[in-house]
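Given chain G's structure and the hints, the job is docking chain W onto it.
Protein chains: 2
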Amino acid sequence: MSNPESFRELCRKEIHTGPTSGVLPGYIQANLLILPKCVAESFEDLCTRNPVACPILSKTEGRPQFLRNHASLIKQGTFDIRTDFPRYNVYSRGKLVQQKNNCVNEWSSDHVGFLIGCSFTFEHALEKAGLVPKNVLYNKNVSMFRTTKFLDSAGIFHQCPYVVSMRPYKLTEVEIVREITRKFKKTHGEPLDWGYDGAKRLGI
Amino acid sequence: MSNPESFRELCRKEIHTGPTSGVLPGYIQANLLILPKCVAESFEDLCTRNPVACPILSKTEGRPQFLRNHASLIKQGTFDIRTDFPRYNVYSRGKLVQQKNNCVNEWSSDHVGFLIGCSFTFEHALEKAGLVPKNVLYNKNVSMFRTTKFLDSAGIFHQCPYVVSMRPYKLTEVEIVREITRKFKKTHGEPLDWGYDGAKRLGI
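Note that the protein sequences, when read in sequence, are chains G and W.
So for the first sequence, this note's numbering puts the first residue at -12; every next one is plus one.
So for the second sequence, this note's numbering puts the first residue at -12; every next one is plus one.
Just chain G, with the same shape it has in the complex (with noise of 0.2 Å):
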């Protein structure tokens, strides 16, 4: 697919049920979190302390259809929260109870859905620089960690891990790739920390 458009459709007609990584190189990818109202505010709280881990990039106002900041930018009939993603968990009191291909009978009017930046988004620039990361040259989801260091906490959200994801590169090559990951400031940015020791201080 050539465009954003096209590829929510694809999502939308379920065509496309897998990870995001390698779409669309150049354009933010996201990560979706769907919450009831009541928690909203605590966290946005806990994206605002934390945005390296939760860069917020938009959340939905009121309907599903209408992202703040982003109305205008978003063609009507373009954009669903329930449809246009291409995998969605449904979680139950913590517990994940089901996967579905749409949220459209879990969604109420009573939910906010939160846009997190992706760490794919900056995938793209590491391949121009050669440094193509291991999963998408095996076409692999990212592997992921969950370390021992935690979010600032922010209302409800206390003792929450903080989880990474790892790219494998060799030492001479971090200082290219922080550089590199350092300008995506609303996806991650450059990395916590890296090497052996790297992994034993974040409990890795």
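Please note that the accuracy of each hint is not assured.
Copies of the same chain look alike in the list, so a pair counts if it fits in one copy or across any two.
Below, computed lysine to aspartate or glutamate pairings styled on EDC-like, alpha-carbon distance capped at 16 Å [stated by the list, open to error]: (1) K172 x D32; (2) K62 x D180; (3) K170 x E28; (4) K115 x E166; (5) K172 x E28; (6) K0 x D71; (7) K170 x E31; (8) K170 x D32; (9) K157 x D180; (10) K172 x D184; (11) K0 x E48; (12) K62 x E(-8); (13) K82 x E166; (14) K87 x D71; (15) K157 x D184.
Because the hints were derived from the structure by calculation, they are not lab data.
For chain W alone, kept in the frame of chain G given last:
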């Protein structure tokens, strides 16, 4: 003293040379860092990536009398970053080499001064709620701890330990303390953690 201008004058005249806990309730208090220009961009990135630990209030714009976004607020002749703080620690190659009441001789056009929000700012609000912090009660500096948590890296700033202040409260008072401090988004806001387990999580 009754206003920030008079207090800055007391510092400039080297009459007030101690901590500022309890000074001018209701005003924002700031920590000061002066760095050479070559690391200023990295430091600003560090602050943006760690807004809870290092909330930037302002930085000098060229001359030591001008603060970015605040130039119009400060009457000429009432502010100089080199003299208007009670005490200055001079560091050389990572080591504290001197304590002085001004840094006129050390400052050069190659320096950038950063003002970072200080937790003393919310102490007055805690007092008003009957939750007088122990350090205010005993007129002492607040307890500070170097945690085993690291700030999210930025440029040359890597492996920077997260430093926290600690104010003792009963466990039953924690929720109201969180609620009061939460609003002070530019001066650290709500606590990272609490209780014996919280101290353990932070490596204290």
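Cross-check of the supplied hints:
1. In this homomeric assembly, K172 and D32 come within 16 Å of each other (Cα to Cα) only across copies, at 9 Å, whereas the closest approach inside a single copy is 18 Å.
2. Taking the closest pair of Cα atoms, K62 and D180 never come within 16 Å of each other, the shortest separation being 40 Å inside a single copy and 44 Å across copies.
3. Taking identical chains as interchangeable, the C-alpha atoms of K170 and E28 lie at most 16 Å apart only when they sit on different chains, with a minimum of 12 Å there against 28 Å within one chain.
4. Only within a single protomer do K115 and E166 lie at most 16 Å apart by alpha-carbon distance; the minimum there is 13 Å, versus 47 Å between protomers.
5. Taking identical chains as interchangeable, the C-alpha atoms of K172 and E28 lie at most 16 Å apart only when they sit on different chains, with a minimum of 14 Å there against 23 Å within one chain.
6. Taking identical chains as interchangeable, the C-alpha atoms of K0 and D71 lie at most 16 Å apart only when both belong to the same chain, with a minimum of 9 Å there against 64 Å between chains.
7. In the homo-oligomer, the alpha carbons of K170 and E31 lie at most 16 Å apart only across protomers (13 Å), although the nearest pairing inside one protomer, at 23 Å, exceeds that limit.
8. Proximity of K170 and D32 under a CA criterion of 16 Å is satisfied inter-copy only: 10 Å between copies versus 24 Å inside one chain copy.
9. Only within a single protomer do K157 and D180 lie at most 16 Å apart by alpha-carbon distance; the minimum there is 13 Å, versus 36 Å between protomers.
10. Neither within a single protomer nor between protomers do K172 and D184 lie at most 16 Å apart by alpha-carbon distance, with minima of 25 Å and 33 Å respectively.
11. In this assembly of identical chains, the alpha carbons of K0 and E48 never lie at most 16 Å apart, being 24 Å within a copy and 53 Å across copies at closest.
12. Taking the shortest Cα distances, K62 and E(-8) sit within 16 Å of each other inside one copy (9 Å), while across copies they are farther apart (53 Å).
13. Neither within a single protomer nor between protomers do K82 and E166 lie at most 16 Å apart by alpha-carbon distance, with minima of 38 Å and 28 Å respectively.
14. In this assembly of identical chains, the alpha carbons of K87 and D71 lie at most 16 Å apart only when taken from the same copy (12 Å versus 61 Å across copies).
15. Taking identical chains as interchangeable, the C-alpha atoms of K157 and D184 lie at most 16 Å apart only when both belong to the same chain, with a minimum of 14 Å there against 38 Å between chains.
The structure is inconsistent with the numbered hints 2, 10, 11 and 13, although it conforms to all the rest.
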